[in-house]
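Work the whole structure out from these sequences, hints included.
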Amino acid sequence: NAGVTQTPKFQVLKTGQSMTLQCAQDMNHEYMSWYRQDPGMGLRLIHYSVGAGITDQGEVPNGYNVSRSTTEDFPLRLLSAAPSQTSVYFCASGSDEQYFGPGTRLTVT
Amino acid sequence: KQEVTQIPAALSVPEGENLVLNCSFTDSAIYNLQWFRQDPGKGLTSLLLIQSSQREQTSGRLNASLDKSSGRSTLYIAASQPGDSATYLCAVWTSGTYKYIFGTGTRLKVLA
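As you go down the protein sequences, you meet chains X and B in turn.
Going letter by letter, the first sequence gives residues 1 to 109 in the numbering used here.
Going letter by letter, the second sequence gives residues 1 to 112 in the numbering used here.
Calculated directly from the structure, the hints in this document are not laboratory data.
Please note that the accuracy of each hint is not assured.
[To be verified] SDA-like, lysine to any residue: derived pairs with alpha carbons at most 20 Å apart: (1) B:Lys42 - X:Gly42; (2) B:Lys99 - X:Asp96; (3) X:Lys9 - B:Asn22; (4) B:Lys99 - X:Asp73; (5) B:Lys99 - B:Gly43; (6) B:Lys99 - X:Tyr99; (7) B:Lys42 - X:Pro8; (8) B:Lys99 - X:Pro8; (9) B:Lys1 - X:Tyr99; (10) B:Lys109 - B:Asn22; (11) B:Lys99 - X:Ala2; (12) B:Lys109 - B:Gly16; (13) B:Lys99 - X:Val88; (14) B:Lys109 - B:Gln38; (15) B:Lys42 - X:Pro102; (16) B:Lys42 - X:Ala2.
[Claimed, not checked] A short list of chain B residues far from chain X (calculated; beta carbon distances all over 10 Å): (17) Ser28; (18) Gly60; (19) Ser85.
[Claimed, not checked] Now the stretches of chain X that chain B is said to cover, found in silico as 3 or more residues with beta-carbon under 8 Å: (20) 36-44; (21) 96-109.
All C-beta atoms in this analysis are idealised placements derived from N, C-alpha and C, irrespective of residue type, glycine included.
Okay, structure coming up:
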């Protein structure tokens, strides 16, 4: 039982590049979410999903896309990276008790 | 719009002291509230989950209370240890939404 896994752990992008952050869970949770964590600002919700095929926006969705084709996977896509997207990204699953992945530290130069 | 505040932002205490961390929220119509611990460079670990119908939850040396009417939750840590040093975050799920809103956390340092 791996819980919530995220890849990669670290990534450096140049402005304008695109990439996908991967997230997978093996707990059969319907609810999954993506957060970004910035110093002094806590965790802010980017997008969430209440089940396969259903996604919605959180507090800070601009510049990010998501899709949910299976219960297990919830990838986050950065379409055209900007320095303002430098952050630590966390994926979580579960709606009552939330379980978090280890995070992806992203730097955009 | 739900807002979650944690005060103080940082706290330093000597080992063995009992301490209380505070979390306040603006909308009392909550579904549940969760306390997390985050070690530097790591993800979040769930400590305690309080459903809206509950007043408190306990796990070992930790006790979390919830007062919805006043928009407050407290996390009580008994007999603190250096291993308790971490950032503690609370998160609130407001009824009718599908979102957890997080506070900015309290950074705790327990001195040996």
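Outcome of the hint check:
{"no.": "1", "hint": "B:Lys42 - X:Gly42", "in the structure": "holds (14 Å)"}
{"no.": "2", "hint": "B:Lys99 - X:Asp96", "in the structure": "holds (11 Å)"}
{"no.": "3", "hint": "X:Lys9 - B:Asn22", "in the structure": "violated (32 Å)"}
{"no.": "4", "hint": "B:Lys99 - X:Asp73", "in the structure": "holds (19 Å)"}
{"no.": "5", "hint": "B:Lys99 - B:Gly43", "in the structure": "holds (18 Å)"}
{"no.": "6", "hint": "B:Lys99 - X:Tyr99", "in the structure": "holds (14 Å)"}
{"no.": "7", "hint": "B:Lys42 - X:Pro8", "in the structure": "holds (14 Å)"}
{"no.": "8", "hint": "B:Lys99 - X:Pro8", "in the structure": "violated (25 Å)"}
{"no.": "9", "hint": "B:Lys1 - X:Tyr99", "in the structure": "violated (24 Å)"}
{"no.": "10", "hint": "B:Lys109 - B:Asn22", "in the structure": "holds (16 Å)"}
{"no.": "11", "hint": "B:Lys99 - X:Ala2", "in the structure": "violated (24 Å)"}
{"no.": "12", "hint": "B:Lys109 - B:Gly16", "in the structure": "holds (12 Å)"}
{"no.": "13", "hint": "B:Lys99 - X:Val88", "in the structure": "holds (19 Å)"}
{"no.": "14", "hint": "B:Lys109 - B:Gln38", "in the structure": "holds (13 Å)"}
{"no.": "15", "hint": "B:Lys42 - X:Pro102", "in the structure": "holds (6 Å)"}
{"no.": "16", "hint": "B:Lys42 - X:Ala2", "in the structure": "holds (16 Å)"}
{"no.": "17", "hint": "Ser28", "in the structure": "holds (19 Å)"}
{"no.": "18", "hint": "Gly60", "in the structure": "holds (17 Å)"}
{"no.": "19", "hint": "Ser85", "in the structure": "holds (18 Å)"}
{"no.": "20", "hint": "36-44", "in the structure": "holds (count 5)"}
{"no.": "21", "hint": "96-109", "in the structure": "holds (count 8)"}
This entry does not satisfy hints 3, 8, 9, 11, going by the numbered hints stated previously.
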